[in-house]
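K.L.:
Sequence lines, in order, name chains W and Z. Residue 72 in numbering that gives the first Met the number 0 sits at position 73 of the first sequence, and the numbers go up by one each step. Residue 80 in numbering that gives the first Met the number 0 sits at position 81 of the second sequence, and the numbers go up by one each step.
No false leads were mixed into what you were given.
Here are the simulated DSSO-like cross-link-like pairs (lysine-lysine), alpha carbons at most 30 angstroms apart as the crow flies:
| # | chain 1 | residue 1 | chain 2 | residue 2 |
| --- | --- | --- | --- | --- |
| 1 | W | Lys66 | Z | Lys14 |
| 2 | W | Lys14 | Z | Lys14 |
| 3 | Z | Lys66 | Z | Lys15 |
Going by beta-carbon spacing under 7 angstroms, a handful of chain Z positions derived as facing chain W:
| # | residue |
| --- | --- |
| 4 | Pro35 |
| 5 | His73 |
| 6 | Gly116 |
Hints listed in this document are in silico derivations from the structure and should not be mistaken for laboratory results. We treat Cβ as the ideally placed atom computed from N, Cα and C, and that holds for glycine.
Protein chains: 2
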Amino acid sequence: MTTQELAVAFTDLCKKGEFEEAGKRFWSDEVVSREPMAGEMAELKGRAAVEAKGAWWYANNEVHGVKVEGPYVHGNQFVVRFTMDVTPKGQARLTMDEVGVYTLQNGKIVEERFFYGT
Amino acid sequence: MTTQELAVAFTDLCKKGEFEEAGKRFWSDEVVSREPMAGEMAELKGRAAVEAKGAWWYANNEVHGVKVEGPYVHGNQFVVRFTMDVTPKGQARLTMDEVGVYTLQNGKIVEERFFYGT
Chain W
0 MTTQELAVAF TDLCKKGEFE EAGKRFWSDE VVSREPMAGE MAELKGRAAV EAKGAWWYAN
60 NEVHGVKVEG PYVHGNQFVV RFTMDVTPKG QARLTMDEVG VYTLQNGKIV EERFFYGT
Chain Z
0 MTTQELAVAF TDLCKKGEFE EAGKRFWSDE VVSREPMAGE MAELKGRAAV EAKGAWWYAN
60 NEVHGVKVEG PYVHGNQFVV RFTMDVTPKG QARLTMDEVG VYTLQNGKIV EERFFYGT
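If we strip away everything but chain W, and leave its shape as in the complex, we get (with noise of 0.2 angstroms):
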């Protein structure tokens, strides 16, 4: 499988909401995933943390709506922006907009780095 089918198997998981199922199927059991704030999840290491912290995610945020654009390719990596609607746990409804950038290695993620809208 190639970067770029990789990729688009992946995003085409995400397109339709699967989310979960696009972790499960190709990050790397030593994935790690990193978010741009300091804390706790800024970076985690192993499948089963970056899988607790989607479970923490979906626990703590109301989703209404997800588009998702690309994915755009170069060499062993590929971005997909994703547009939120979602309201947060206790807080006002609002709109993120990121994207993440995503490394492969044999065939598998190795690292998802989330970068922030301004």
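Starting from the known structure of chain W, fit chain Z onto it as the hints suggest.
P.N.:
Only chain Z this time, still in chain W's reference frame:
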């Protein structure tokens, strides 16, 4: 100047169509520009080479409009999305959808890496 500040200033210039000025102001003299395709444009090193690439591109593409979205920021990197309505010389008018991932060092852009939409 933080990554955030530089990213916003760079992107604001791009939004005004001032791509050359954005490069002049924020590229390191040792900037490396990477495109996903094979060939002589795949990797260009140094300000002179990267400026020449820009000049080549403008000479070979008629630009009807550009939409610039971003920046998206993480650590010492930021991402900008470009949706361009162009007519490449001798070809049909088309829409190019791509993102650039920019890496900073000492307050300058040391790498720009372009990803193409599929």
